[in-house]
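Hints given; two lone chains; assemble the complex.
Chain residues, written in single-letter form:
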Amino acid sequence: MSGIEDTCVLRARGLYKQYGREGGLVRAVDGVDLDVAAGRTLAVMGPSGCGKSTLLHLLGGLDRPTAGELFFEHRRVDQLSERALAQLRRHEIGFVFQGFQLLDELTAQENVELPALLARSSPRQARRRASQLLEQVGLGERASHLPSALSGGQRQRVAIARALVNKPAVILADEPTGNLDSAATLEVLRLFGALRAEGFTLVVVTHDERVAATADRLISMRDGAFAGDTAMANAGGPDVHQSAG
Amino acid sequence: MGPLVLVWRLAAHDLRRRLTQSVLLLVVIAAATSALALAFALDGTSNTAWRTTRAATAGPDVMAEAYPAKHPALGELTALTRADGVVATSGPYPMASPVLRTGKIADPVFAEGRDETMPAIDRPYLTAGTWVRPGGMVIERGFAGQLNVHVGSRVTLDGRPFRVAGIAVETGRGANWRPQLVWVTRDDALRLVSPGGQLAYVLNLRLAGPVTAPAFAAAHSSPSLFIATWEQIRSSDEKELTVVQLVLLVGAWLLGMLAIGSVAVLVGGRMIEQTRRAGLIKAAGGTPQFVAVVLLAENLLLALAATIIGLAVGYLVAPALASPSLSLLGSANSPSLTASKAFMVVAVAVAVAVAATVVPAVRAARSTTIGALNDPARTPRRPGAMIALSARLPASLVLGLLLAIRRPRRAILTALSLLITDVMIVCALALHSSFASGKSTDVMVNQPGLGQPLLARVDSVVLVVTVTLVVLATVNTIFITQATVLDAQRPSALARAFGATPDQVSAGLTVAQLIPALLGGILSVPAGISLYRVATRVAGGAPNANLPVSWMAAVIVGTVAVVAALTLFPARAGARRPVAAVLRSD
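So the protein sequences, as listed, match chains A and B.
Mind the numbering: the first sequence is residues 22 to 266 in the working numbering, read in order.
Mind the numbering: the second sequence is residues 32 to 617 in the working numbering, read in order.
One chain only, chain B, in its complex shape (with noise of 0.2 Å):
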């Protein structure tokens, strides 16, 4: 019971008497935990809302279109009527490539003409208003929320004025197809058939079971006709979902890896303190194991902390993230974190604490504890071929590359948490390229015209997991420059006592941040490129990636300047601490 009520006073009182680190450590790890549980979460969530609007809409099993314009292929598409294993059918119905004006908005859509009176197959869901009529159009209801239109709106088709009569969802063309769909009368369809324009006509099949329609779709392949099975449309419909949970995952583990790296900073920066605190209890009687058992239980209070934060957020935002497509009936199922799932995230959690124990816990065991208590300072090491490069340098930059090289990993950490941070800098750059190139169709179906949905969310989810690792980053580096400036306090103070200037000084402090951010950020070029290509390649695209030179040098030469204004502030103040008190309190 003894050493129980010891390890929490410890580590209670510890985790009060530093609240900035152990709140920042508990926002990095439950950063991490939320990216994680909301990937989790979303996963198979789409499925019910799939399946609700599907049995609603009495969705097809098999999706034809035909192109008469360019095939004659009317007759092949009817021939589909009477093929074998059909049990129902809806159309074909004519189908015209309109441009949709509303405002200053103009798209271009597919007005498929419909028949007044509903059919058996594919039944458009009315949300609200009324169905088609002559003059009076429904619009898809995600495609309505795109272009903020609402029953009683008037639009115009190719100039010719209607007014939107209806909004519903189906499960034929969800909001991810492009052109979006509006469902006028047959009459009307036709009539928006310029002289020498397009017009497509759609079939819509039930089959006898939904199981056979790839086989259905690969027997009946022709080049005149499109078939779309009723798996490859819930694809399309989810994709969404899909890229936004790929976009998290990829997020959770760049947040993870970089927590390890602010663990690591904050766990460094105090490691000094902790080795003495480790001595002290070792003095006083306590074993390694012991003092090992107090540091963990610290870091897994935290951890316990970041999971209960990063489950809460996986179950409340996920209904948020899973329910952006008006397109589909119903809200989201409730996000399916599992108990497997969670213990993934509880295991995330629990190595990020781990990992932030380990080197103190080592350093405490294999220290003496007297060496603990007095915790010497380590012989500083220089190569030969440093000492002679020095003597080439200007005062400054032997500063900084002294300063550099006296703490090599603390340099590495640096340059590592900058990497991962403009690896997704780079990655939401890339998305942006290809966006604003039209060439987006890496990831779903593309056409110009109106801002497509899943790109504007899946930049959303982007930009906040961006975000949130700049502000890890920014964390990161001030605390490193910190623990820099206080390092480095002793030997400026020296250099200044026998000439260096303030200027000089903190010029060479920067310089030892530098070194670093340039290097984390000419990496992060080449990695980000990569990471880009790896994620479209998985979510089904063409992995392009054409992100222009000069936002490739924005990137390096942005986190230079900003690392450059992060370290100016510390180190100034750092260098004009007057010389005798620092030599003093040494």
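Only chain A is shown next, with the shape it has when bound in the complex (with noise of 0.2 Å):
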């Protein structure tokens, strides 16, 4: 196995997904060959319909692949049962979404704590951490807020932090600033940024060129398809293995 391959936490080959049939049939993902490593942010471009949300979906276990075959840190995980896609989420991928996906009746606190608890933390661990994250994405004060009570970009802080909860090894943000006004945008962004100097592994789909520019890597899609691959500035180095597209 060459070093690349020993640093790549997430990797698909001939990755499909269709909807559909006959005529109505539509290629969302069109056979994607990608490695994604360690550390690193990739960041995912195109126009809307191009699939790169659905890409996203289905290297986060979310989604089911029609063919095609998917490894997280070597792991076959594209015929893994519900039960244990649902183990793989809770413990090794945090999802931060465009709607922000929070549970409204739950408060910011109880929001972020929930992937703790169903990961088997303490009630007292759980607590403690996710206050911990809350103070660091600047809303400690916040946290016995609802949801409603909460600014789009305070949601979306709140998202972020319960997605690092469990400390995953890969964070999958799909168009996270799509909804944010430009302050609630850089406020993102710095979180980001902060999140890669950490280490985090980060894969972004996004439309802004903004959320892009901080990535190592840059995909471009069109069609299902990889239609570009570039290193950005940011790359430290040739952690990228061939796009097919």
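It is worth saying that the hints were derived from the structure and are not from the lab.
Glycine is no exception: its CB is placed at the ideal position from the N, C-alpha and C atoms.
You may find that some hints are simply not true.
[As the list claims (entries may be wrong)] Capping the alpha-carbon separation at 25 Å, the derived lysine to any residue pairs in SDA-like fashion look like this: (1) B:372 with B:336; (2) B:135 with B:183; (3) A:188 with B:40; (4) A:188 with B:183; (5) A:188 with B:135; (6) A:188 with B:38.
[What the hints assert, rightly or not] Derived coverage of chain A by chain B (criterion: at least 3 residues anywhere in the stretch with Cβ under 8 Å from a Cβ of chain B; other residues may be distant): (7) 98-107; (8) 140-146; (9) 159-166.
Structure follows, in structure tokens:
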């Protein structure tokens, strides 16, 4: 196994996702090969409907591929049961969605605690970790607020804290600034910068060039396939395997 | 520990957030568990009271009556006193059949002529006043309650004045026997027989062994004698509770079915929200099993509360229902809600909770996490025949049909919910109908005259069960209408964007509700009559159900009218929302 493969956290080979059939067939992801190196930030850009969100969902086990293979740290995961996928997400993958996807009936603190409690942390440990993360994202004083009492930027910061609570190997973010104003976008960019500095692996699907500019590598997608793969100025070394598409 | 805390947190917070729905679910399940607990609690309740009364009044093992006016059978009756197995007797007592009048009430009675001293067998137990004396009568307690007469009240028997000397109970002829009973002196009873009128004689027998009573009655059966054993007397005295219990049991099953329907409506109404919530928990690392546990915990909390309410109602209300008969001594014994019966009530509540959980849990397990988060709309299906039919219908009707077809399960639920309620209404009407037409011998001895206490009590229990069902069905209809209006916002807005008027749209929404309402109303008539026939047969009566056609039509028309009224307001409000606002929010 090469050095590149050793540091690879996520690997996809011949990944397909199709919807519909016959005349109505849509190839949302069309034969993608991808390696994501540990500790790097990968941005995926492309027009609406090009399949970038679907790719992210497949990488995180939120959806199942029609064909192809998907590996997480050398372990094949595309054929795992729903239960095993849930455990993978619980411990290894953190998600940040465009629409925040917070539970409306739980406070900011309780939303952040949720994955920790699922991972069998004690309630006290979960509370301590959630408080620490909320402080880190600047929401220590808003911990007891319900999502409805928070601004869009604050909700997204809660979502980021929730994604980090179990110290995952990879964070997958789907249009994390899509619903935010400029000030909130800058705040999220600052947080992502901090995560990158801490060595987290980030895969970010975005339309926002400011977000893409913070990545080590930029992939462009069109019609479900990769149309371009660029190492960015932030890149610290040759961490990518050549993508197909 | 962590996952348990999380289950509790998610369940409790969600229940609190949707408080109205939670309370409604609680009420629905509690109605079913209460009716079931009541029915179970009443089972065997009156045995103690009857046994107490029988012991206090030295009730006979066998009671025999002879009607000499029709058959010269007095000799045959007195011969029974010397029959094998007879150890003690009282009588024969003469018994006239005058009409008792007090105030505006006139009711035929049996006036039994007694000695002024109490006999060894069948000694009526005085609960007020003194025993018979010339011109002074004693009246059976249940009957006195109906007439609202007291010691000292003045009444007439066939125009002859009497004063109520006392009030008593006995187990020979309780309040459920018709005509009802008063005691007078022998001379007064004989004087009450008009020339050519009927005079009967009553004989009470104590046997060596009460268990031999049926055999004794069979051995001495005669066309000129009416013989009743103590078991038959008890059955009559307890008829009231038996029928009330039957009504409650039938009501409990109907309420249980309606509760499941209501749960389906309430759960279905928030299916999209629940599915998204399930997706969100799964995205954070929750397994499908964990999602199911959270959903089940919410509904089990409600079921537990409903069980507690149901069992409490069973304990608190059953004594009131169990002691309706003043004809027996003592208060009713504590309702017998044994552990096994309480378990049945818990089982029903848990079954409803599980039924409420199954669909969203299966949906959460089957869908991918991202599918649950996005919950894409299902592709509408429309058969070719329906498309052809639509072309010939007015716009409002087409819109209504489209909505009904789009959500077939919702339409079926509406129809079922109304069907169950209307079935109980039809049963209640059938009971009223047979009561009004004097055919209420379906379930008891009957003679024309004063209203029968048994029917009055059964009638009130039927009324309570029916009103509860109507309230639940109304809640169901309101929820279904709201869900339909919300669901129809986008197609309605599109129809209006292309020229449909708000009136056409609201008429379409109303039609969507009226189709299942009409179906439920029509089916309820044969179903209700069938249920009434089965219930009367189980209660020991002849299964007659002569419901006038106009009443049947009223049930169907009434159902449709009520549903139309409940639908109209939300439909009109929904149809008047600005088109752009609806399309923009989609």
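Outcome of the hint check:
no., hint, in the structure
1, B:372 with B:336, "holds (17 Å)"
2, B:135 with B:183, "holds (18 Å)"
3, A:188 with B:40, "holds (23 Å)"
4, A:188 with B:183, "violated (90 Å)"
5, A:188 with B:135, "violated (88 Å)"
6, A:188 with B:38, "holds (22 Å)"
7, 98-107, "holds (count 4)"
8, 140-146, "holds (count 5)"
9, 159-166, "violated (count 0)"
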